[in-house]
Each structure stands twice: as C-alpha cells, then as structure tokens.
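Protein chains: 2
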Amino acid sequence: MDINQIEPIARLINEFSKLPSVGKKTAERYAYHIIRASDEGAKNFADAIMNVKAKIKFCEVCGNYTETSPCRVCRERSSKTICVVKEPKDAMAIERTSSFKGAYHILHGTINPLAGVGPNDIRLKELLSRVAENGTEEVIIATNPDVEGEATAMYIAKLLKPLGVKVSRIAQGISMGSELEYADEVTLSRALSDRKEM
Amino acid sequence: MDINQIEPIARLINEFSKLPSVGKKTAERYAYHIIRASDEGAKNFADAIMNVKAKIKFCEVCGNYTETSPCRVCRERSSKTICVVKEPKDAMAIERTSSFKGAYHILHGTINPLAGVGPNDIRLKELLSRVAENGTEEVIIATNPDVEGEATAMYIAKLLKPLGVKVSRIAQGISMGSELEYADEVTLSRALSDRKEM
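These protein sequences, in sequence, are chains A and B.
So the first sequence is numbered by my numbering: it starts at 1 and just counts up by one.
So the second sequence is numbered by my numbering: it starts at 1 and just counts up by one.
These are computed hints drawn from the structure, not numbers from a lab.
Hints are supplied without guarantee of correctness; some may be wrong.
Given that identical chains are not distinguished, each listed pair holds provided it fits within a single copy or across any two copies.
For lysine-lysine, the following DSS-like pairs were computed, each having C-alpha atoms within a straight-line distance of at most 27 Å [stated by the list, open to error]: (1) Lys55 / Lys24; (2) Lys125 / Lys25; (3) Lys86 / Lys24; (4) Lys86 / Lys101; (5) Lys18 / Lys166; (6) Lys158 / Lys125; (7) Lys18 / Lys43; (8) Lys18 / Lys89; (9) Lys25 / Lys101; (10) Lys18 / Lys158; (11) Lys55 / Lys18; (12) Lys25 / Lys86; (13) Lys25 / Lys57; (14) Lys166 / Lys101; (15) Lys24 / Lys101; (16) Lys55 / Lys43; (17) Lys158 / Lys55; (18) Lys25 / Lys80; (19) Lys80 / Lys166; (20) Lys125 / Lys24.
Computed from a predicted structure; not experimentally measured.
Only chain A is shown next, with the shape it has when bound in the complex (with noise of 0.2 Å):
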C-alpha cells in the first residue's frame, strides 16, 4: 500500500516531475511539502501558476516576457542596437551584465534541422522586419556558441547584411578567472585564432 499511490497524491507527485530535470524523488519531496503546508500557502502557490500564465505575455516587438506590450526595455530604449538571443533568460544574463544598453530580439529557438525547427520557427520574420523599420544600425548576434546557435547566427548574418546593417557575433574564447590548463581544445583555439592587439 504505497501513499504515493492515492490519487491526489499521485497526480500532484506527476505534475511536479514534468518540471525541468525534476525526477521521482524529487517530485515526491515537493509534493510532500505542499501537503504539509498550510492551505493558505498552498492556495497562494496555485495562484501563483494561474496568475503567471494570466498576465504574463509576449512582447509583441522583441518577443520577451512582459506584462505590458511593447515591454519596458522596447518602449525605453532605442533598436539602434538590437541584441539577438535565443530565450528571454538569455537576454535576462545580458541584463545582468549592465554593459547593454540596447534592444533585445528574442528567437524562441535556433534553427535545428534535425529537430524539425526551421527558420520559419523562431522570430526572423519579425527581425527583419524590425531592423528595416527602425534604421537599426548593430545586430550582436548573442546565440549560444554551440552548433545550432552558430548556424543560426550564420543564416541571420546572411539576411542581415544585404540591409547594410552591421552584424557582429559576441566573442568566443576563454572565460575570464579560468585556468588556461582546464580550457577544452576548442575554445582555446579560437581563442588564440580571435586574438586581440594590446
């Protein structure tokens, strides 16, 4: 007779394991604290779900998550310079940084032929059209350094350049505070082949 097999239980132990890398175990332990807590605060979690998916929208300029459209950082700031990232917390990472003071231009997605995305599937339409309107005069171009990401990056460079926009590529190389003996082969080669002048 296993608990976790009364149906209440169950349902919420499979609710919680189809969360990110979240597992059996780990399902049960949360679901076992939403069991323990009070009803209150379980009622303010429910709430919390609903009302994310309620107000929370896309961005219908740059595709970000925002309560308002166009969010803040479109109606704040000019697409003079507009940064391409794959996820909206892709461009949350930049945010961070404060050295950005531009646009965002969010994909939901790379272009990945062997998982059925094309470019028909992530917001190029909406980039072009954007760039073309706004006299954008920079795309960095801020996909991920991997091989869906470089490809993506390589087919928006080739729409974009004909529109005499500049299109730059963040730089790959070895991350700062690391240690040049544990950098992979990869990253250390294209980190002497984009080597810079002092």
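Once you have looked at the hints, place chain B on chain A.
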C-alpha cells in the same frame, strides 16, 4: 530591467523557491517552464495542488496521509505489530521492502528539545492508547538513527514497557552491498557490538 522582477513572475519564482532545497536559479527554471507551458498544463498543475490539500488528510488511527480515515492499512491490517516512524515517507520506505505486514504509527516528528519539540508535540498519546486498546504485542521503533531519533526511541520504550508490550528497535549496522573501508566509525562500532551469532 530584470524580467524576474515583473510581479507575476517574481511571485511564482518566490513560491517555487519555498520548495525544499530549491534555490533561486532552480525556481527560475521552474517558473519559466510554467510560463512556457500550455494554459491547460498550468491549470492542471494548480488544480493538483488545490486538490491534494482538499482531499488528503491524516488517518485518525496511524497519522499517515489518506483520502479516507481510517486509512487502508489501518482497515486491512492487524495492530498486533505496530511500526513507529517519524514521517509518512518513512512508512513508505518500509512498505517498499514488502517485508512488514503490520500497522504503522506516524509520530510526525521526533523529540528535539533544542527545536522546542517535546513529547506532547508528537503523536505519542495516540500511540499509547492504541497499544492499550488493541492488545498490541510488539512495537518496532523505526525512527532515524540520529540523535533525536535515538532519544525518541528510548523515550517511547520507557513509556511502553510498563504496558507489557514487546518493544524493539530496527537493527543498525553496515549497509548491504557497502564496503567496510568506507563505513563511518560509529556505524562500524555499532555493527561490531550488535554482532549476531551465525
């Protein structure tokens, strides 16, 4: 401009970060998962939380989680042997061994004076009357082998012995399949002193 500070997102991240051993980063990932999920998926999640709170209660006999009180174990099994554990999940761990066919008694805590948990804060009174009323023959104490679990076990043994019931404690020793070399000293010396004749 941090999208994590948009109120509905911040609120959901905060709720997720209340789950056991979930930090800010993990809570963010969970929140983004919900934002990306379908409206129906999010609704199912929120419903599962509310549903578990509405339907799951404590069994009035053993204190385990159940939809109907008394729970199935208390209805179908004899109380001749009662296994005392700290939490519902401990009963479940024992249940998974399939080697115990008696009833359980969940204390919902162990005596811990430093944390202000005294004998009256755990389900001891209920255990005493249960043992007295059901002609229980043996009580197996399966609290954790830590300071609080050991102290609670001793306390319960002292309470029950005058009732003429047999009180036992689960064996402590080296784990099956483990290597002596890696066993800690306390466990190993306990395994030595509790040695069994072959």
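How would you label the pair Lys25, Lys57 (within, between, both, or neither) given a Cα cut-off of 27 Å? This pair counts as between: shortest inter-copy Cα distance 21 Å, intra-copy 33 Å.
Under a CA distance limit of 27 Å, which applies to Lys125 and Lys25: within one copy, between copies, both, or neither? neither (43 Å within a copy, 32 Å between copies)
For Lys25 vs Lys101, is the C-alpha pair at or below 27 Å within one copy, between two copies, both, or neither? between (43 Å within a copy, 24 Å between copies)
When no copy is named, should Lys158 and Lys125 be tagged within, between, both, or neither for a Cα gap of at most 27 Å? within (14 Å within a copy, 76 Å between copies)
Please work out whether the CA atoms of Lys80 and Lys166 approach to 27 Å or closer within one copy, between two copies, in both situations, or in neither? within (11 Å within a copy, 81 Å between copies)
Is it within, between, both or neither when you check Lys86 against Lys24 at 27 Å Cα-Cα? Only across copies: Lys86 and Lys24 sit 21 Å apart there, 30 Å inside one copy, limit 27 Å.
If the cut is 27 Å between Cα atoms, do Lys18 and Lys89 qualify within a copy, between copies, both or neither? Cα proximity of Lys18 and Lys89: in one copy and across copies (20 Å, 21 Å).
Tell me, please, which holds for Lys18 and Lys43 at an alpha-carbon limit of 27 Å: within, between, both or neither? So Lys18 and Lys43 pass the 27 Å test inside a copy (20 Å) and across (13 Å) alike.
Status of Lys24 relative to Lys55 across identical chains (alpha carbons, at most 27 Å): between (30 Å within a copy, 21 Å between copies)
Within, between, both or neither, where Lys86 and Lys101 count as close if Cα-Cα is 27 Å or less: within (18 Å within a copy, 55 Å between copies)
Quick one: Lys25 to Lys86, C-alpha cut-off 27 Å, is that within a copy, between copies, both, or neither? Between copies only: 18 Å across chains, 31 Å inside a chain, cut-off 27 Å.
Lys24 and Lys101: within-copy, between-copy, both or neither at 27 Å Cα: between (43 Å within a copy, 25 Å between copies)
When held up to the earlier numbered hints, the structure conflicts with 2, 5, 10, 17, 18 and 20 and fits the remainder.
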